[in-house]
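Engineer: Single-letter residue listing:
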Amino acid sequence: MAARHDRESATTKVGHVSKQVQQLDRVVIRFAGDSGDGMQLTGDRFTQESAVFGNDLVTLPNFPAEIRAPQGTLPGVSSFQVHFADHDILTAGDAPDVLVAMNPAALKANLGDLPKGATVIVDSHDFTARNLAKAGYEANPLDSLGEPDDVLAGLAVHPVDLTGMTVAAVKEFGLSRKDASRAKNMFALGLLSWMYGRPTEPTEAFLAKRFSKVPDIRDANLTAFKAGWAFGETTETFAVRYEVKPAPMGPGTYRNITGNLALAYGLVAGSVRSGLPLFLGSYPITPASDILHELSKHKAFGVTTFQAEDEIAGIGAAIGASFGGALGVTTTSGPGIALKSESIGLAVMTELPLVVIDVQRGGPSTGLPTKTEQSDLLQAMFGRNGEAPVPIVAPQSPGDCFAAAVEAARIAVTYRTPVMLLSDGYLANGSEPWRVPDVSPDSADLPTIDPDFATETNHGEGEDAEFWPYLRDETTLARPWAVPGTPGLEHRIGGLEKGEGHGNISYDPANHDLMVRTRQAKVDRIADSLPPLEVDDPSGSARVLAIGWGSTYGPIGAACRRVRKAGHEVAQVHLRHLNPFPRDLGEVLARYDRVLVPEMNLGQLSMLLRARYLVDAVGYNQVRGLPLKAAELAEALAALITETQQTEESRP
Amino acid sequence: MTTDSSTELGMPALRTGTELVPTLADGAPPATAKDYTSDQEVRWCPGCGDYAVLKAVQSFLPDLGLRRENIVFVSGIGCSSRFPYYLDTYGMHSIHGRAPAIATGLATAREDLSVWVVTGDGDALSIGGNHLIHALRRNVNMTILLFNNRIYGLTKGQYSPTSEAGKITKSTPMGSLDHPFNPVSLALGAEASFVARTIDSDRKHLTSVLSAAAAHRGTSLVEIYQNCPIFNDGAFDAIKGRDTAADALIPLVHGRPIRFGADGAKGLVRDHETGGVRVVEVGRDGVTDDDVLVHDAHAADPSTAFAISRLTDSGYLNRSPIGIFRQVERATYDDQARAQVSAAGHAAAGEPADRLAALVGGGDTWTVV
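Taken in sequence, the protein lines are chains D and G.
420 is the number that my numbering gives to position 420 of the first sequence; each next residue is one higher, with no gaps.
206 is the number that my numbering gives to position 206 of the second sequence; each next residue is one higher, with no gaps.
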């Protein structure tokens with residue numbers, strides 16, 4: 001320890017290089033490296049530092065499906081983008097202002113996304129002939145900086161020997177060269193933390209905890225982190241420090257949270273709120289597995305997690321637990337939903353509460369496991385045999401996954417129905433500052449969720465008193481939920497059509513027609529419990545409406561702001577409920593001349609809106625495995641607005 | 001059994017399958033078969049073996065002395081899977097092959113239930129094969145009644161995964177090509193802790209096996225040979241025939257020498273060449289009473305049970321052992337899952353709502369005033 005003190009004081013002595021401080025309102029940084037370089041951790045730590053500092057932020061992790069793709073190759077590049085600002089922001093940013101590239105492949109893979117003037121910090125140590133060849137560089141681009149053939153022309157490139165300096169800094173811990181060099185991500189984090197004036201305490205505390213059992217590794221990482229900071233302070237390579245002030249936020253306690261974590265917390269909250277023990281039946285699948293991991297830590301809340309033999313068993317066990325009076329939940333991604341479809345139909349027929357989480361990813365088939373997409377909306381809506389209506393809710397941001405999960409639980413329990421929650425890969429792994437909600441029993445932040453178990457017979461009197469499992473609540477059309485162990489209410493349910501009321505098997509044509517319509521009516525009635533839509537139309541005179549659902553909320557909102565800044569008028573609506581739609585949706589749509597529906601699919605919400613409301617919705621559709629870019633979307637919006645005005649002017 | 005993980009979890013040793021299920025109050029009138037009979041008309045074909053099993057189960061359930069509302073029957077799809085509708089207990093007629101998965105969730109969520117699965121050879125061994133083997137290895141506390149008629153009945157007569165190879169059916173006019181499963185061998189291979197076989201027409205044997213299965217804590221698999229008079233009539237004639245049964249049925253009774261045939265003339269001995277077992281005539285070729293294998297259902301090693309299971313013909317059934325092949329104590333999935341939840345709950349202090357507030361408000365936070 002003494003040695004480290006010496007060096008720290010030494011760096012302080014030479015640290016009198018005066019640095020200019022420049023104010024910025026927002027910055028987008030992308031950390032990129034090999035899958036094994038710890039870029040997700042680096043980005044996550046920088047994010048936590050920024051969150052604690054008080055910036056608003058949005059993150060975009062982007063990693064390959066392979067756990068360790070061949071080292072140093074383009075397919076093996078993993079990146080983490082963080083956008084932080086002194087004001088409220090909605091997206092992870094279209095293009096990075098700063099790229100940290102740990103090897104040639106990371107540089108090459110991300111170069112195309114960089115705007116002119118962007119800052120690039122590269123680990124020059126990794127620009128070896130071998131790594132250059134793996135990335136497909138014939139010559140070292142760092143050798144021709146400023147030359148006529150400079151492929152990095154127009155960028156502010158800073159080659160820094162991150163690995164070399166890291167190895168030198170952690171020498172005292174006697175680690176192998178390989179282990180020593182692995183701390184280079186912390187060196188890079190230290191450097192960037194200095195550059196943007198991030199608080200270092202959260203990362204120091206994190207490292208101390210994370211590596212508490214391996215003191216050598218802990219000390220090496222801490223030392224590398226501090227050395228990176230000190231390097232920024234002393235080097236002449238970086239003459240400028242940047243300051244991004246905290247963003248004004250409403251009063252409250254905040255934390256940074258990813259969508260999957262918020263979703264897991266929301267499910268626990270739904271369980272506590274309803275008083276029902278949570279039972280999760282799940283089979284591991286990217287990008288949903290983290291919800292299983294998280295919930296498995298919360299057994300103290302009465303949470304049971306069952307890692308099933310397959311997707312079907314996962315939902316089957318959840319249905320069994322629901323029959324037994326638990327809050328049954330299953331979590332998966334699109335391919336898993338396909339396998340669960342028949343079981344979802346069983347839950348529709350047996351009218352049992354069930355929450356089905358689909359963290360969507362690129363499809364079809366195995367598709368793009370680690371990339372985001374919104375292409376399961378129609379699967380959620382219609383992907384079952386028969387008329388099998390299922391309510392659908394969708395969160396709009398990582399933190400919103402909490403409220404969406406609670407809402408899914410509310411609908412499932414209140415209406416005795418499976419509910420589909422459509423998250424996606426971007427929400428799952430992306431993060432944002434989240435105001436911690438009040439979860440006390442009398443909180444207004446959370447809805448009431450009342451299981452209202454049946455305990456008494458409900459048909460006939462005296463000797464003839466019986467329990468009819470399909471005798472419905474007049475308001476909600478929900479059937480009574482009588483759990484095994486309740487004397488006198490023994491009954492049988494199943495996948496065969498039920499007779500209205502008594503619930504015995506019925507093949508009667510009129511009864512089937514009635515039951516199909518009743519199941520649909522029950523789902524439709526959920527709309528009675530929904531608040532009116534929030535229409536963001538500041539001037540009240542916009543002619544064009546942008547409407548979306550799910551994780552496109554950020555890009556659509558950011559695009560609307562750009563369009564408004566440019567002097568146009570546009571309205572925005574974002575749907576939490578996809579089935580049933582809110583009661584006033586048709587009326588809201590009718591208010592606008594044109595409706596643009598941006599989606600990360602080929603027009604699934606467009607199709608539903610067109611079918612339901614006969615509205616001539618215009619799609620804006622991209623399926624690139626990445627969030628929509630606000631700037632591109634703003635152009636499309638502006639074009640539609642201009643077109644609408646011209647049409648108006650050309651009328652006689 | 002001292003290294004049983006239930007001991008490590010500090011759980012009380014649970015010995016019977018119904019130990020945590022509420023029983024009828026002292027002095028309450030005993031239940032009858034009628035109490036367990038629902039008001040639904042039974043709709044199996046005349047002569048179906050399912051009737052006999054239903055009657056046996058309705059008569060047997062009162063013997064458990066449990067509260068009827070704490071008994072649940074879960075089934076899949078197929079003729080036998082209509083079973084729950086005819087019992088006045090809680091029940092779910094689910095979807096094809098998934099009953100063991102649904103029952104796993106139910107049994108894990110509720111320790112106070114006696115959970116039964118009714119399934120068939122197609123439901124359990126074909127479309128639901130995966131769930132069956134995983135339920136068995138997990139040893140979830142439930143009893144699985146596998147009605148094996150060696151044919152698909154409800155879809156009108158296609159061959160099933162237990163049909164003999166070469167079977168001529170609607171879907172196999174030139175004979176089926178599939179080699180069949182032996183359900184008992186499969187269950188033993190899937191780490192089952194209780195495996196038995198019985199016959200629809202032998203009420204006494206059926207009831208005694210049901211009784212042992214219900215008493216077993218863990219997954220009990222009971223294969224029931226069941227005749228389909230419409231699509232596979234006579235499949236079990238050899239083991240039911242007055243003249244043939246004695247030579248065809250090999251009764252297994254724990255602790256007793258395995259003898260069968262008229263006057264017990266035949267027996268099983270270890271076959272030291274193959275490591276398996278073989279049939280001998282006792283008293284011939286130097287085989288004495290002492291050579292006959294004594295059945296040990298509680299043997300920790302399932303090898304002998306497996307060897308005995310192989311005596312069942314895979315083609316037309318001429319010979320088959322019946323009884324309890326294996327019954328060993330092993331910690332159940334559901335007991336252990338509940339123990340983990342309960343241990344975590346006891347370790348946590350405070351009301352759930354307060355702990356929830358601490359959970360969502362944890363991590364690195366900052367406050368804006």
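Treat the hints as calculated values from the structure; they're not laboratory data.
No residue lacks a Cβ here, since even glycine has one placed at the ideal position from N, Cα and C.
Just so you know, not all the hints are guaranteed correct.
To be verified - Below 20 Å or equal to it, Euclidean Cα-Cα: the simulated SDA-like pairs (lysine to any residue) are: (1) D:K209 with G:D354; (2) D:K297 with G:P251; (3) D:K297 with G:W366; (4) D:K297 with G:P352; (5) D:K297 with G:G47; (6) D:K565 with D:P538; (7) D:K245 with G:W366.
Stated by the list, open to error - Computed footprint of chain G on chain D, listed as stretches where at least three residues anywhere in the stretch have a Cβ under 8 Å from a Cβ of chain G: (8) 303-309; (9) 408-418.
Engineer: Hint by hint, say whether it matches the structure.
Structural biologist: Each hint tested on the structure:
Taken as a hint, the D:K209 and G:D354 pair is broken in the structure, with Cα atoms around 25 Å apart against an allowance of 20 Å. Between the alpha carbons of D:K297 and G:P251 the distance comes to roughly 49 Å, so the proposed pair goes past 20 Å and is violated. Only pairs whose Cα atoms come within 20 Å are accepted, and D:K297 paired with G:W366 is rejected, the gap being roughly 24 Å. As the CA atoms of D:K297 and G:P352 are separated by approximately 15 Å, the hinted pair is consistent with the 20 Å bound.
Straight-line distance between C-alpha atoms of D:K297 and G:G47 comes to about 53 Å, which puts the hinted pair past the 20 Å bound. About 12 Å separates the Cα atoms of D:K565 and D:P538, which keeps this hinted pair within 20 Å; it holds. Pair hint D:K245 plus G:W366 holds up; C-alpha atoms about 15 Å apart against a cutoff of 20 Å. Figure legend: the stretch 303-309 of chain D, annotated as covered by chain G; annotation consistent (5 residues with Cβ-Cβ distances under 8 Å, at least 3 required).
Counting residues of the stretch 408-418 of chain D whose CB lies closer than 8 Å to any CB of chain G gives 0, which falls below the minimum of 3, so the coverage claim is violated.
This entry does not satisfy hints 1, 2, 3, 5, 9, going by the numbered hints stated previously.
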